[in-house]
Amino acid sequence: MNTNMKRRLFLKASVAAGTVGMAASAGLLMPRTVLAAWNEAAFKADSMGAALKAGMGSDAVTESAEVTLEVPPNPENGAVVPVAVSTTLAGTQSIAILVEKNASPLCGVFTLGKRMKSQISIRVKVGESGDVITVVKAGDKLYSARTPVKVTIGGCG
Amino acid sequence: MASKSIKLKARAENGETTVKALIKHPMETGRRKDKESGQLVPSHYIQEVSCSYQGEPVMTAEWGPTVSKNPFLSFTFMGGAAGEEIEMSWKDNTGDSDSASATIT
Numbered sequence: 008m009n010t011n012m013k014r015r016l017f018l019k020a021s022v023a024a025g026t027v028g029m030a031a032s033a034g035l036l037m038p039r040t041v042l043a044a045w046n047e048a049a050f051k052a053d054s055m056g057a058a059l060k061a062g063m064g065s066d067a068v069t070e071s072a073e074v075t076l077e078v079p080p081n082p083e084n085g086a087v088v089p090v091a092v093s094t095t096l097a098g099t100q101s102i103a104i105l106v107e108k109n110a111s112p113l114c115g116v117f118t119l120g121k122r123m124k125s126q127i128s129i130r131v132k133v134g135e136s137g138d139v140i141t142v143v144k145a146g147d148k149l150y151s152a153r154t155p156v157k158v159t160i161g162g163c164g
Numbered sequence: 089m090a091s092k093s094i095k096l097k098a099r100a101e102n103g104e105t106t107v108k109a110l111i112k113h114p115m116e117t118g119r120r121k122d123k124e125s126g127q128l129v130p131s132h133y134i135q136e137v138s139c140s141y142q143g144e145p146v147m148t149a150e151w152g153p154t155v156s157k158n159p160f161l162s163f164t165f166m167g168g169a170a171g172e173e174i175e176m177s178w179k180d181n182t183g184d185s186d187s188a189s190a191t192i193t
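Residue numbers (the numbering used here), protein chains in the order written: chain A, 8 to 164; chain B, 89 to 193.
Keep in mind that a hint or two might mislead.
[What the hints assert, rightly or not] If we take Cβ atoms under 8 angstroms as the criterion, some of the chain A residues that face chain B in the derived model are: (1) Leu113; (2) Arg122; (3) Arg130; (4) Ser136; (5) Gly146; (6) Leu149; (7) Tyr150; (8) Ser151; (9) Val158; (10) Ile160.
If you are wondering where the hints come from, they were derived from the structure by calculation, not from laboratory data.
Ideal Cβ placement from N, Cα and C applies to all residues, glycine included.
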C-alpha cells in the first residue's frame, strides 16, 4: 500500500515536471508566440468573403485611396505577377493579398511589427484574368484597393 | 547556419532598411498535373516566413500556395544600420524549414 502510494506520487510529480519542461522548451524554440499556427481555414477558403473572414477577422472592407496597390495590368505570365502594396494609413497591423479568381483567393497575410513600414512587394500566381486585391488592417478596420489584371497564360495550371 | 535556399540582402538608407529576399522553393499548389504521368503533383509550399532584426520580429507572414515559385519578397523597416544583422526563416507544409542571416549594408 505504502509503496503503491509512493509510486502514484512519483508518477504525478514526473508528469507535472514533464509538462513544465515541455512548455519551457516550446517557449525557447518558438519565441514568436505572436504567430499562431498557419491559418488553414483562411487559405483553403474558396471565396473572397470567407477568406477575409477567416484571415482578417471580418469581410467588412472599405475601399481607401490611402492604400496603393501596384500590379502590371497585362502581365505576360500569370505564374509570376509582381504585386506591390503600400499604405499611408496610420497604425497598420497587417496586410493581406488576394487574387479574386484563384481557386483559393488568399495569397498571403503579413503581420507587421512595430518597425515595419507599410510597404511590401511580392510575386504571386494569377490563375485567370480578374482583380488583385489588397486588404490592409489599420486600427482594427479593413481598407482595400483593387486592380484588374489580364493574364494571357494562367499561372495555376 | 549557411542557408542554401534564401538569398537575403538588406540595405540601410535614410534611417530605413530595405530587405530583399529570394527564396528557392517549388511552391507547388497541389493542383498541377505532371505532364508525363498525369498525376497531381503534391502540394509543397511555404506557409510561414518571418524576419527579425536584433531579435525583434519585424514581419511575420503566412503564405498560401498561390505565392509564385521561388518567391521574391521585399519590404522596408525603420531603423537598422550598416553592419547590423537581420534574420529570415521559412517553414513549409512538409515541415521543411530554413533560415538565413545577412549583414545590413
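Status of the hints after comparison with the structure:
no., hint, in the structure
1, Leu113, "holds, 5 angstroms"
2, Arg122, "holds, 4 angstroms"
3, Arg130, "holds, 4 angstroms"
4, Ser136, "violated, 15 angstroms"
5, Gly146, "violated, 19 angstroms"
6, Leu149, "violated, 17 angstroms"
7, Tyr150, "violated, 18 angstroms"
8, Ser151, "violated, 18 angstroms"
9, Val158, "violated, 13 angstroms"
10, Ile160, "violated, 13 angstroms"
Of the numbered hints given earlier, the model fails hints 4, 5, 6, 7, 8, 9, 10; all others are met.
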